[in-house]
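For this one, chain A is given, so just place chain B on it according to the hints.
Protein chains in written order, with the working numbering: chain A, 34 to 146; chain B, 51 to 165.
Misleading hints may appear alongside valid ones.
[What the hints assert, rightly or not] In silico contact screen, one side only, chain B against chain A (beta carbon under 7 Å); selected entries: (1) Tyr83; (2) Tyr98; (3) Phe156; (4) Gly157.
[What the hints assert, rightly or not] In silico BS3-like cross-links for lysine-lysine, where the CA-CA straight-line distance does not exceed 30 Å: (5) B:Lys121 / B:Lys77; (6) B:Lys101 / B:Lys77; (7) A:Lys75 / B:Lys94; (8) A:Lys34 / B:Lys101; (9) A:Lys75 / B:Lys121; (10) B:Lys94 / B:Lys121; (11) A:Lys34 / A:Lys75; (12) B:Lys77 / A:Lys75; (13) B:Lys101 / B:Lys112; (14) B:Lys112 / A:Lys34; (15) A:Lys34 / B:Lys94; (16) B:Lys94 / B:Lys112; (17) B:Lys77 / B:Lys94; (18) B:Lys101 / A:Lys75; (19) B:Lys121 / B:Lys101; (20) A:Lys75 / B:Lys112.
No wet-lab data here; the hints were simulated from the structure. Cβ atoms here follow ideal geometry from the backbone N, Cα and C, with glycine treated the same way.
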Amino acid sequence: KQEVTQIPAALSVPEGENLVLNCSFTDSAIYNLQWFRQDPGKGLTSLLLIQSSQREQTSGRLNASLDKSSGRSTLYIAASQPGDSATYLCAVRPATGANNLFFGTGTRLTVIP
Amino acid sequence: NAGVMQNPRHLVRRRGQEARLRCSPMKGHSHVYWYRQLPEEGLKFMVYLQKENIIDESGMPKERFSAEFPKEGPSILRIQQVVRGDSAAYFCASSPYQTGNTEAFFGQGTRLTVV
Numbered sequence: 034k035q036e037v038t039q040i041p042a043a044l045s046v047p048e049g050e051n052l053v054l055n056c057s058f059t060d061s062a063i064y065n066l067q068w069f070r071q072d073p074g075k076g077l078t079s080l081l082l083i084q085s086s087q088r089e090q091t092s093g094r095l096n097a098s099l100d101k102s103s104g105r106s107t108l109y110i111a112a113s114q115p116g117d118s119a120t121y122l123c124a125v126r127p128a129t130g131a132n133n134l135f136f137g138t139g140t141r142l143t144v145i146p
Numbered sequence: 051n052a053g054v055m056q057n058p059r060h061l062v063r064r065r066g067q068e069a070r071l072r073c074s075p076m077k078g079h080s081h082v083y084w085y086r087q088l089p090e091e092g093l094k095f096m097v098y099l100q101k102e103n104i105i106d107e108s109g110m111p112k113e114r115f116s117a118e119f120p121k122e123g124p125s126i127l128r129i130q131q132v133v134r135g136d137s138a139a140y141f142c143a144s145s146p147y148q149t150g151n152t153e154a155f156f157g158q159g160t161r162l163t164v165v
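Looking at chain A on its own, in the form it has when it is part of the complex:
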C-alpha cells in the first residue's frame, strides 16, 4: 500500500528566505504527483502537477522536482513571503490499482515578516 510522508511537519522561516519541503512515497509506480496548498479552514488549491515522466515543474516562485525511482519529491519556494504561510500537501496517484490520491500529512509553513 502506498504511503506518503512529508517532512518537516512544521517549518518557520523569515521572510525572503528560500526553502524546501520534502515528500517521499513508498511505491514508485505512480502516474503523477501533485502539490497542494491548504489555508486554515479552507479547501485545497492545486499548485503543481508532475507527471511520472517529468523531472520538474515550475510556476512562478515555486519549483517541484520528482525523482520517481527513489520515491521523492521536493517543493522549492523562492523568496518566501508571509502570504505563503499555509499547509502544503503532496499527493501521489498510483499507476496500478487504486484510482485515488494518497496524501501526506502536510508541512505547516509559517513565514515571519
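Just chain B now, with coordinates in the frame of chain A:
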C-alpha cells in the same frame, strides 16, 4: 467554470442525526472522489463514483456511510446516525475522465461538527 462546489460549507449535527453532504463537480467532469480529513491528519480516500455507479468504495466505513452520484444532480455523501468521531472536513474532487494523468480539482470542503 465555477469549479467544484460543495455545500454546506459547515454542518452541525447532534449525535444520532443524519448528515448529507453535496458535491457538484466541475462542468464536464463525470468522476467524483470523496476524501475525509480528520483533525491533524492527512486526507484519506473514501469513495470514487461515476454517474450512477460506485467504482471504488474501499475507503468507506462499512456502516452508516453511503454515497451516490445520480444521473442528474450532485453527488451525495450520507452519514447516518452520526457520532462524535465523524467530525471532520469532507472534501470532494472531480476529474473529467478516469485516466491517471489527470489533475484533481478539489472543492472547499464541508466541515462537519457532531455535538
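Structure versus earlier hints - violations, ascending order
No numbers; nothing is violated.
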